[in-house]
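In case you want the letters, here they are:
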Amino acid sequence: MSLPTLSPLDWTALRLSLELGLVTTATLLVCGTPLAWWLARGRSRFKPIVEAIVAMPLVLPPTVLGFYLLILLAPKGPLGALWQEATGGGSLAFSFPGLVLASVVYSFPFVVQPLQRAFESMGSAPLEAAASLGASPWDAFASVALPLARRGYLTAAVLGFAHTLGEFGVVLMVGGNIPGQTRVISIAVYDHVENLEYGEAHALSLLLLLIAFVSLVTIFTLNREERSGRR
Amino acid sequence: MARSREGLLVVRPILLATLLWGSLFPIALRAETVSVAVTASFAKPFRELAAAFERRTRHGVEISAGSTGKLFAQIVHGAPYHLFVAADAVRPRELEEKGLVTARGVTTLGFGRLLLWSPDPALLTDGGEPYLRRRSGEKLALANPESAPFGQAAQEAMRHLRVWDSLQPRLVFGENVGQVMAFVTSGNAEAGFIAKSQYFDPAIRDTGSFWEVPDSWHTPLPQEAVLLLAGERLQAAHELVAYLRSPPAQAEMRRWGYDPP
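Top line first, the protein sequences correspond to chains H and R.
In this text, residue positions in the first sequence follow our numbering: the first is 1, and each later residue adds one.
In this text, residue positions in the second sequence follow our numbering: the first is 1, and each later residue adds one.
Honestly, the hints are just simulated from the structure, not real lab data.
Hints may be right or wrong, so weigh each one.
Taking beta-carbon pairs under 7 Å as the criterion, some of the chain R residues facing chain H (in silico) [stated by the list, open to error]:
#1 Gly69
#2 Ala73
#3 Lys139
#4 Val172
#5 Phe173
#6 Ser186
#7 Gly187
#8 Glu232
Bear in mind the structure is a predicted one, so any value in this text is a computation, not a measurement.
The beta carbon of each residue, even a glycine, is placed where N, CA and C say it ideally should be.
Could you put together the complete structure from these sequences and hints?
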């Protein structure tokens, strides 16, 4: 079976989506770790509020996120102004960095929550053991907690990546449909459908379908191993 | 005389009842809802026209706005609209070829005009040409040329000036002219190609600076009312088309910046 062919513009969209997914996932794993750690270990009474904020993108319509981002990213908006000062020009909306920011917000719970679960499920015993053996907190985290949480990290990475690839509404509102910059695969599918180019829409959709399926099979396999491993 | 007066006395209650009946029920029975797909650039004026039509006839009008291309695709796939108002001549013709339009179902209501508009009052004071030829600048928004007629017209105008290629790095594409307006008013793009009718929106009118693109630089933008097969048997749909062609409606369209058909 041969796959339907993709136009150069669609290849660009696919490459862009993959790049966006990778950069977003990497950013989220780095930024999400301390937060997930705090949520898993912390006893603060503000915890439910922070947890609610983390979970907000799950329930908010993408249009709400898109609307606020459009205002925040504008050259005279709070984030856009900062960005222009830091980079010396260029607008944050309609740019790849702008999309990364939008995707980080959008996929936040998909990375933070699995990490939080992983940190919670390991309990405090391994870290206490490490501490009693004289390990510094950072050492204990790096050599004990991180390896124990590796399945959580894998789940978080796969979910964050797949969810970013599936992003549509937010990108539609702040992207500006620029080839190579913000025209990601989901927008390309939308354009093809609007223009009744079903062959192209099929090719891209099938690809996304496969990526989503493989991602989810990976996660469920990991979950099963984890469960049977613990027994 | 007396007899006829008596006759009248007998007849009068019946007449009255008939009149009452006639004034209540036929309207209740006749009142229908027209479902209209309207191109984004025409959405606001159309809302006002529809409200006037509703006041006159007591029919209802349901409006769905989007780019001409998107609405076209929906109609091809069986969206149950009675009437389609497009901003170009191509899509109505294609619908006719597909047999989705009633006989003689396409009416030109007027012609749209393309504007370049910026909230910055100084940006376009020398006209649009020097601005478009400038080497640097912020983002410039237009609607997707593939699906939005005003986006296509903007592309043609920039090609006419031979600046389409050099402007590429600055261009951002809205789904339709409505999104172009959102990009520009939110300050994310410094200027955008919009429909003149959008400039005549009370919130926008007389703000910033604008430049009217010469209409010889692009394919004309006829605003076509297309009576779809689904609306063929709907009296209200026919009445709405007739109303849109009537002098009061046409005068309203002039006020929104449309050229007469």
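Need the list of violated hint numbers for this structure, in ascending order.
Number 8 - this is the single hint that the structure violates.
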